[in-house]
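Chemist: Read off the chains here:
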Amino acid sequence: MKKLLLLALIIAVAGGGFGYYMWNKAPEGVARKRPEFTVTPAALLADFENNEEVANAKYLGKVVQVKGKILEIIPGEDMVMQVILDTGDLMSRVSCTMEEEHSKFLARNLKKDDMVSIKGFCTGKLDDIIMERCVIEG
Amino acid sequence: MKIILSLVILIATSLQLSAQKYFTRDGKISFYSEAPMEKIEAVNNKVSSVLMATGEVEFAVLIKSFHFEKALMEDHFNENYMESSKFPKGSFKGKITNISEVKLSTNGTYRAAVQGDLTIHGVTKPVQADGTFTVSNGSIHAVSKFDVVVADFNIEIPKVVRENIAKIVQIHVDINYKPLVE
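Chains H and E, in that order, give the protein sequences. Our numbering numbers the first residue of the first sequence as -11 and each following residue consecutively. Our numbering numbers the first residue of the second sequence as 3 and each following residue consecutively.
The set of hints was computed from the structure by calculation and includes no laboratory data. Keep in mind that the hints are not guaranteed to be accurate.
Unchecked claim - Heads up, simulated PhoX-like pairs for lysine-lysine below, C-alpha to C-alpha not over 25 Å straight-line:
id	chain 1	residue 1	chain 2	residue 2
1	E	LYS30	H	LYS50
2	E	LYS88	E	LYS169
3	E	LYS72	H	LYS92
4	E	LYS88	H	LYS46
5	E	LYS127	E	LYS88
6	H	LYS100	E	LYS180
7	E	LYS169	E	LYS147
8	E	LYS147	E	LYS97
9	E	LYS91	E	LYS30
10	E	LYS88	E	LYS72
11	H	LYS13	E	LYS41
12	H	LYS46	E	LYS91
13	E	LYS72	E	LYS41
14	H	LYS50	E	LYS88
15	E	LYS180	E	LYS91
16	H	LYS50	E	LYS72
17	H	LYS50	H	LYS13
18	H	LYS99	H	LYS57
19	E	LYS147	E	LYS41
20	E	LYS169	E	LYS91
21	E	LYS147	E	LYS127
22	H	LYS13	E	LYS72
23	E	LYS72	E	LYS169
24	H	LYS92	E	LYS30
25	E	LYS41	E	LYS30
26	E	LYS88	E	LYS30
27	E	LYS105	E	LYS95
28	E	LYS23	E	LYS105
29	E	LYS161	H	LYS13
30	E	LYS88	E	LYS161
31	H	LYS21	E	LYS72
32	E	LYS180	H	LYS99
33	E	LYS30	E	LYS169
34	H	LYS50	E	LYS91
Based on the sequences and whatever the hints tell you, model everything.
Modeler: Below you can see the structure in the form of structure tokens.
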């Protein structure tokens, strides 16, 4: 009986702990996720310009990897950086907001015109196509 | 002939001046919901906005670009409340109603009254907000705070979490505009 009670207590504590952990969990990054799509900036833009609704259904909230040339690196607030990739159209670029811990590394190692592979969540298109929580691949 | 030419140039430059646009792709909009059980805060740093010298102003945001402290909040916000796959964008189109007092080409700080239509979750409602515009050497820093009633936008909050989510959400807008060179 005592053993059973102890077991119940352990389960309750573990369950509570798990619930608390789930509740407080920070949003997940993409570092360990496989990209669902690997595209060039120009191809991604072409998809959005062709039919935004179809592109939204295809890419929104998905892990997308984009390989292209750096147009600009913008230091942001709190060391969060943005890497802008060239699509060939200066009005509609691919704008990648980098993960914070990645930003410092980037500051030292990347520059304009470098070729990079960037993986992140695609959240849609305003003027630019927006990628969030991005990391450098490879 | 010279007079006509200078007239043409004068008109062209004045037209260009009046067509001055200010622009950003990195504006910040955040919101706060303070309910008895929980304080919720989300930030979006990828707001696109255009401000015309005539006082017309437009904003566009991607709903999935709002970031929360907790993954569950972000999931619920996207899936249950905003249905961001169905309605990926939010927007505002309006104007500064007292533009004659807000001198966008003269350094200074101005109070602006903004009025327009806010579209969230596929629903468009008129909103009014006061803002402060600070003009400094061509750049404009605009800030505003206003309240949005969640129910106005057909956003349903299930009974079980109603204690955790406020009925009125405060929106903070913080934009640094740069002149658009065309």
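Chemist: Of the hints given before, which are not true for this structure?
Modeler: none
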